[in-house]
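Undergrad: Sequence:
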Amino acid sequence: MKTFYNIYLICSFAAIGGGLFGFDISSMSGVLGTNGYKNYFGNPTGYRQGGITASMPAGSLVGALSSSYIADKLSRRTAIQVASIIWIIGAILQTASNGVALLCVGRVIAGLCVGIASSIVPVYQAEIAPKEIRGRVVSLQQWAITWGILIQYFIQYGASFVDGGPKAPDQGTAAFRIPWGIQMVPAFILFVGMFFFPYSPRWLASKDRWDEAIQTLAHLHGGGDVNHPKVLAEYKEIEEALQFEREQAVNSYAALVEPRILKRVILGMSIQMWSQLCGMNIMMYYIVYIMKGAGIADELLTSSIQYIINVTLTLPAILWLDRFGRRPSMLIGSFGMMSFLFISGAIQASYGIHNPNPEDKDISWVIHGHPSASKGIVACSYLFVATFATTWGPTSWTYPSEIFPAKVRAKAVSLATASNWTWNCALAFAVPPLLWKINWKMYMIFATFNGLAFIHMFLTAPETKGKTLEEMDDVFDSGRPAWKPVPKGSRLDKLAIDIEKGEVKIKHGLGDTTTHEEVVEAKTT
Numbered sequence: 065m066k067t068f069y070n071i072y073l074i075c076s077f078a079a080i081g082g083g084l085f086g087f088d089i090s091s092m093s094g095v096l097g098t099n100g101y102k103n104y105f106g107n108p109t110g111y112r113q114g115g116i117t118a119s120m121p122a123g124s125l126v127g128a129l130s131s132s133y134i135a136d137k138l139s140r141r142t143a144i145q146v147a148s149i150i151w152i153i154g155a156i157l158q159t160a161s162n163g164v165a166l167l168c169v170g171r172v173i174a175g176l177c178v179g180i181a182s183s184i185v186p187v188y189q190a191e192i193a194p195k196e197i198r199g200r201v202v203s204l205q206q207w208a209i210t211w212g213i214l215i216q217y218f219i220q221y222g223a224s225f226v227d228g229g230p231k232a233p234d235q236g237t238a239a240f241r242i243p244w245g246i247q248m249v250p251a252f253i254l255f256v257g258m259f260f261f262p263y264s265p266r267w268l269a270s271k272d273r274w275d276e277a278i279q280t281l282a283h284l285h286g287g288g289d290v291n292h293p294k295v296l297a298e299y300k301e302i303e304e305a306l307q308f309e310r311e312q313a314v315n316s317y318a319a320l321v322e323p324r325i326l327k328r329v330i331l332g333m334s335i336q337m338w339s340q341l342c343g344m345n346i347m348m349y350y351i352v353y354i355m356k357g358a359g360i361a362d363e364l365l366t367s368s369i370q371y372i373i374n375v376t377l378t379l380p381a382i383l384w385l386d387r388f389g390r391r392p393s394m395l396i397g398s399f400g401m402m403s404f405l406f407i408s409g410a411i412q413a414s415y416g417i418h419n420p421n422p423e424d425k426d427i428s429w430v431i432h433g434h435p436s437a438s439k440g441i442v443a444c445s446y447l448f449v450a451t452f453a454t455t456w457g458p459t460s461w462t463y464p465s466e467i468f469p470a471k472v473r474a475k476a477v478s479l480a481t482a483s484n485w486t487w488n489c490a491l492a493f494a495v496p497p498l499l500w501k502i503n504w505k506m507y508m509i510f511a512t513f514n515g516l517a518f519i520h521m522f523l524t525a526p527e528t529k530g531k532t533l534e535e536m537d538d539v540f541d542s543g544r545p546a547w548k549p550v551p552k553g554s555r556l557d558k559l560a561i562d563i564e565k566g567e568v569k570i571k572h573g574l575g576d577t578t579t580h581e582e583v584v585e586a587k588t589t
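If you read the sequence shown in the numbering used here, its first letter stands for residue 65, the second for the next number, and so on.
Since the hints were made in silico from the structure, they are not lab data. Some hints could be false.
[Unchecked claim] Straight-line Cα separation of at most 30 Å, BS3-like style, residue types lysine-lysine; simulated pairs: (1) K327 x K569; (2) K548 x K558; (3) K102 x K439; (4) K231 x K294; (5) K137 x K102; (6) K529 x K565; (7) K529 x K501; (8) K294 x K501; (9) K552 x K294; (10) K529 x K439; (11) K102 x K271; (12) K552 x K571; (13) K505 x K271; (14) K501 x K102; (15) K102 x K231; (16) K271 x K231; (17) K505 x K294; (18) K66 x K271; (19) K552 x K529; (20) K571 x K327; (21) K565 x K137; (22) K294 x K66; (23) K501 x K327; (24) K529 x K548; (25) K137 x K231; (26) K231 x K565; (27) K558 x K327; (28) K569 x K548; (29) K327 x K137; (30) K529 x K569; (31) K565 x K552; (32) K571 x K558; (33) K505 x K102; (34) K558 x K294; (35) K294 x K529; (36) K102 x K294; (37) K548 x K271; (38) K271 x K571; (39) K231 x K439.
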């Protein structure tokens, strides 16, 4: 079977796993405003709608926690394929749902897929990519999420006009069954396509499949030449890191609570927590409610503009994350999102009133007769999304995937992602009643969370751009405060130069280099 080794192709295709996450977000937000959904499922609001929405992140939490076992045992590639099969099963159940119970079961099962994929896809991408473009290709995960949100939303928007349109009193179930059924297509493509891409070379090395590991590295980073200086340097870095971890004689679960690793685990979990508490996914899940409260006539169409902004402005972040850095992205993003949420909340507090329509059970606070205020809320929503898309969106996936040693990487990233889904689940369940009970004050709460995230990241998150995965111990264990610059340059580059000059020889089972000053014996299968 032919195997493709183009890094951008590999990482872009694997990111379809992230696209499934986006599909699921829009699969709910796109139907909330349709009578077909409301009539069939008993017009769910408040905690009932919150429970339906939260069932997916609840499943994702379980999927994230189980993902490391699958990824370490069967490989990162196989874990992604397992996730795609689970997604298809979940989509079938959602499409065939005959009530809230089966819908929730289908969303929980689909959530298992999203939990596994959102944990392992960034790990696979980070282990495949060279340090120079690691941020860029891991950010493809976030871009795929935004594309999934956008594509599924417009599928939903189109399907909403079935049987007389979203406001038709007797709209049928095709309005939600069609888009929920279409969700199976990308998962099938992902399952089949992953057979044509390589295993992670770091996973192969962890299983002592050293010949396969160096051949994969050679195809990825050396044009197929196993004696390319960069390939040999990376091979040695991986070998030394694995040897050091094995000499510690501590199992990977115990290693997670070692002080030098635990602080990184807490940091990774905190970044994923703040990515939820910033308020972005609430904007995605319940944007229809937010636009409705702002007095927008066609909330479905206005909401779609937000999804387009999300997709479009994630691209610049992908292109410059490896230049600009992870740390500035998080700091600027937190400050910007805090500002727009405070402004939006203040506008609603100043111009809003309690909803005079007793029949409307979705929202309790509306703006009527103040078009400028409504436009201001819409503008703040768009600017908030634009800020997230260019900063926290890609960085929140990139940073946790690159800061852990190989021995604990899959497990630590699964914990970080589990943190994401824990808060995602809690917020998805809590926000509908929050919108009803405290309305505009909810914006102030999420703005405050962004302010706390800014302080936390300033004090604890060092810059990681330009460093290999094996150099993260140097970044985090040096005792240097997070706000001080990390020394430029990479140990890998120096080693590659020494190999090219013939001062260092790396010996492996597929041939070796010529003159040498030191020899590193590689393990063989």
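Undergrad: Give a verdict on every hint.
TA: How the hints compare with the structure:
1. K327 x K569: Roughly 36 Å separates the two Cα atoms, so the pair is violated.
2. K548 x K558: holds (23 Å)
3. K102 x K439: holds (28 Å)
4. K231 x K294: Cα-Cα ~61 Å, so violated.
5. K137 x K102: Outside the cut-off at roughly 43 Å; violated.
6. K529 x K565: Holds: K529 and K565 sit about 26 Å apart, inside 30 Å.
7. K529 x K501: violated (43 Å)
8. K294 x K501: violated (59 Å)
9. K552 x K294: holds (18 Å)
10. K529 x K439: violated (39 Å)
11. K102 x K271: Not OK: K102 and K271 at ~51 Å, beyond 30 Å, violated.
12. K552 x K571: Answer holds: K552 to K571 is near 29 Å, not above 30 Å.
13. K505 x K271: violated (52 Å)
14. K501 x K102: holds (21 Å)
15. K102 x K231: holds (10 Å)
16. K271 x K231: Given pair K271, K231 is violated - Cα atoms ~57 Å apart, limit 30 Å.
17. K505 x K294: Not OK: K505 and K294 at ~54 Å, beyond 30 Å, violated.
18. K66 x K271: holds (23 Å)
19. K552 x K529: Holds, at roughly 9 Å.
20. K571 x K327: Distance ~36 Å between K571 and K327 Cα, so the pair is violated.
21. K565 x K137: violated (39 Å)
22. K294 x K66: holds (24 Å)
23. K501 x K327: violated (37 Å)
24. K529 x K548: holds (14 Å)
25. K137 x K231: violated (50 Å)
26. K231 x K565: violated (73 Å)
27. K558 x K327: holds (29 Å)
28. K569 x K548: violated (35 Å)
29. K327 x K137: The hint holds at about 26 Å.
30. K529 x K569: holds (28 Å)
31. K565 x K552: Holds: K565 and K552 sit about 22 Å apart, inside 30 Å.
32. K571 x K558: holds (18 Å)
33. K505 x K102: Between K505 and K102 the Cα gap is close to 27 Å, so the pair holds against 30 Å.
34. K558 x K294: Roughly 10 Å between the alpha carbons, so the hint for K558 and K294 holds.
35. K294 x K529: It holds: about 18 Å lies between the C-alpha atoms, which stays within 30 Å.
36. K102 x K294: Answer violated: K102 to K294 is near 58 Å, above 30 Å.
37. K548 x K271: Since the Cα atoms of K548 and K271 sit roughly 37 Å apart, the hinted pair is violated (cutoff 30 Å).
38. K271 x K571: Holds. K271 to K571 sits at ~19 Å (cutoff 30 Å).
39. K231 x K439: This hinted pair holds, its Cα atoms lying about 24 Å apart.
Hints 1, 4, 5, 7, 8, 10, 11, 13, 16, 17, 20, 21, 23, 25, 26, 28, 36 and 37 from the list above are not met by this structure, while the remaining hints are.
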